[in-house]
Amino acid sequence: GENVEQHPSTLSVQEGDSAVIKCTYSDSASNYFPWYKQELGKRPQLIIDIRSNVGEKKDQRIAVTLNKTAKHFSLHITETQPEDSAVYFCAASGIWGKLIFGQGTELSVKP
Amino acid sequence: DAGVTQSPTHLIKTRGQHVTLRCSPISGHKSVSWYQQVLGQGPQFIFQYYEKEERGRGNFPDRFSARQFPNYSSELNVNALLLGDSALYLCASSLVGDTEAFFGQGTRLTVV
Numbered sequence: 001g002e003n004v005e006q007h008p009s010t011l012s013v014q015e016g017d018s019a020v021i022k023c024t025y026s027d028s029a030s031n032y033f034p035w036y037k038q039e040l041g042k043r044p045q046l047i048i049d050i051r052s053n054v055g056e057k058k059d060q061r062i063a064v065t066l067n068k069t070a071k072h073f074s075l076h077i078t079e080t081q082p083e084d085s086a087v088y089f090c091a092a093s094g095i096w097g098k099l100i101f102g103q104g105t106e107l108s109v110k111p
Numbered sequence: 112d113a114g115v116t117q118s119p120t121h122l123i124k125t126r127g128q129h130v131t132l133r134c135s136p137i138s139g140h141k142s143v144s145w146y147q148q149v150l151g152q153g154p155q156f157i158f159q160y161y162e163k164e165e166r167g168r169g170n171f172p173d174r175f176s177a178r179q180f181p182n183y184s185s186e187l188n189v190n191a192l193l194l195g196d197s198a199l200y201l202c203a204s205s206l207v208g209d210t211e212a213f214f215g216q217g218t219r220l221t222v223v
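Protein chains in written order, with this note's numbering: chain A, 1 to 111; chain X, 112 to 223.
Because the hints were derived from the structure by calculation, they are not lab data. Think of the CB as a built atom: it goes at the ideal place given N, C-alpha and C, for glycine as much as any other residue. Check the hints yourself; a few may be wrong.
Below, computed lysine-lysine pairings styled on DSBU-like, alpha-carbon distance capped at 35 Å [claimed, not checked]: (1) A:K37 / X:K141; (2) X:K141 / A:K42; (3) X:K141 / A:K110; (4) A:K71 / X:K124; (5) X:K141 / A:K57; (6) X:K163 / X:K141.
Pairwise CB distance ranges, derived in the manner of DEER restraints [to be verified]: (7) X:V223 / A:G55: 44 to 52 Å; (8) A:Q45 / X:S118: 34 to 42 Å; (9) X:E165 / A:D27: 30 to 38 Å; (10) X:F171 / A:Q45: 23 to 31 Å; (11) A:S52 / X:K124: 20 to 28 Å; (12) A:Q60 / X:G127: 25 to 33 Å; (13) A:W96 / X:Q128: 26 to 34 Å; (14) A:S28 / X:R168: 15 to 23 Å.
Residues of chain X clear of chain A, computed beta-carbon distances all greater than 10 Å [as the list claims (entries may be wrong)]: (15) S118; (16) I123; (17) K124; (18) I137; (19) K163; (20) F171; (21) A191; (22) S197; (23) V207.
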């Protein structure tokens, strides 16, 4: 069935360092890959997304890369700040927008 | 501009009871999806509706049902509640199915 694997489950970095979160998806029909940030007790918020016809997308300190052949996509956060601390979820979606989420990565940025 | 709104925000129910959760999408959005998020896990897909028709159903029992109204708002119904139904229920709306999905604040359901 459809599945998204996300690693690592927890990630601790020093302020200013980079953080990388990796996901693998199983459904080759997936064509849309969003990343969500969820702070404790709050709703998931979209931070960046990428479509299958694009290999890389960047928005300030955040970038996402996609390798369709390998069914891998990754989130890169540079110059991390304490306010980046949260749980990050990757997801994969097909034509009707059904989002299959990864298990989440708890990112902790230490000052 | 109002975002996705869900009601109620919190709910406590007893095992065996029935619950109805409501969602109002962003104005102009025709697609609404429902997700269940258990503490410490990623959201799990329950249903998707587009133009008032069911377009997808996740791996949930028949106790779960949903519908979308002509104004694109949606209801999620859960019958015969079990303790394991305790979770955060999230609604997301998007313009069409495969575009950016925006989440509501969720309904925290506790079954006792």
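How the hints compare with the structure:
1. Taking the CA atoms of K37 of chain A and K141 of chain X, the gap is about 24 Å. The hint holds against a cut of 35 Å.
2. Taken as a hint, the K141 of chain X and K42 of chain A pair is honoured in the structure, with Cα atoms around 24 Å apart against an allowance of 35 Å.
3. Simply put, K141 of chain X and K110 of chain A have alpha-carbon atoms about 41 Å apart, too far for the 35 Å limit, and the pair is violated.
4. A C-alpha spacing of about 41 Å is found between K71 of chain A and K124 of chain X, which places the hinted pair above 35 Å, so the restraint is violated.
5. At most 35 Å may separate the alpha-carbon atoms for a hinted pair to count; K141 of chain X and K57 of chain A meet this at roughly 27 Å.
6. Restraint check for K163 of chain X and K141 of chain X: the C-alpha separation of about 8 Å stays at or below 35 Å, so the hint holds.
7. Distance hint check: the CB atoms of V223 of chain X and G55 of chain A are about 49 Å apart, consistent with the given range 44 to 52 Å.
8. For Q45 of chain A paired with S118 of chain X, a C-beta distance near 20 Å fails the hint of 34 to 42 Å.
9. A hinted range of 30 to 38 Å is violated for the C-beta pair E165 of chain X and D27 of chain A, which are about 20 Å apart.
10. For F171 of chain X and Q45 of chain A, the hinted distance range of 23 to 31 Å is satisfied, since their beta carbons lie about 25 Å from each other.
11. The hinted range of 20 to 28 Å is not satisfied by S52 of chain A and K124 of chain X, whose Cβ atoms lie roughly 41 Å apart.
12. Remark: the range hint 25 to 33 Å for Q60 of chain A to G127 of chain X is contradicted by a beta-carbon distance near 50 Å.
13. Under the hint 26 to 34 Å, the C-beta atoms of W96 of chain A and Q128 of chain X, about 31 Å apart, fit the expected range.
14. Take S28 of chain A and R168 of chain X: their Cβ atoms lie about 21 Å apart, and the range 15 to 23 Å holds.
15. For S118 of chain X, the shortest C-beta to C-beta distance to chain A comes to about 14 Å, beyond the 10 Å cut-off, and the non-interface label holds.
16. No Cβ of chain A comes within 10 Å of the Cβ of I123 of chain X; the nearest lies about 17 Å off, and the non-interface call holds.
17. Separation of K124 of chain X from chain A is adequate, the least Cβ-Cβ distance of about 20 Å exceeding the 10 Å criterion.
18. At roughly 13 Å, the least C-beta separation between I137 of chain X and chain A is larger than 10 Å, which holds for a residue marked as non-interface.
19. No beta-carbon of chain A is positioned within 10 Å of the beta-carbon of K163 of chain X; the least distance is around 14 Å.
20. Distance check on F171 of chain X: its Cβ is at least 13 Å (rounded) from any Cβ of chain A, clearing the 10 Å threshold; non-interface status holds.
21. Taking the minimum C-beta to C-beta distance to chain A, about 25 Å, the non-interface status of A191 of chain X holds against the 10 Å cut.
22. Interface exclusion of S197 of chain X from chain A stands, the closest Cβ pair being 16 Å apart, more than 10 Å.
23. At roughly 7 Å from the closest C-beta of chain A, the C-beta of V207 of chain X falls inside 10 Å, breaking its exclusion from the interface.
The structure shown violates the earlier hints numbered 3, 4, 8, 9, 11, 12, 23.
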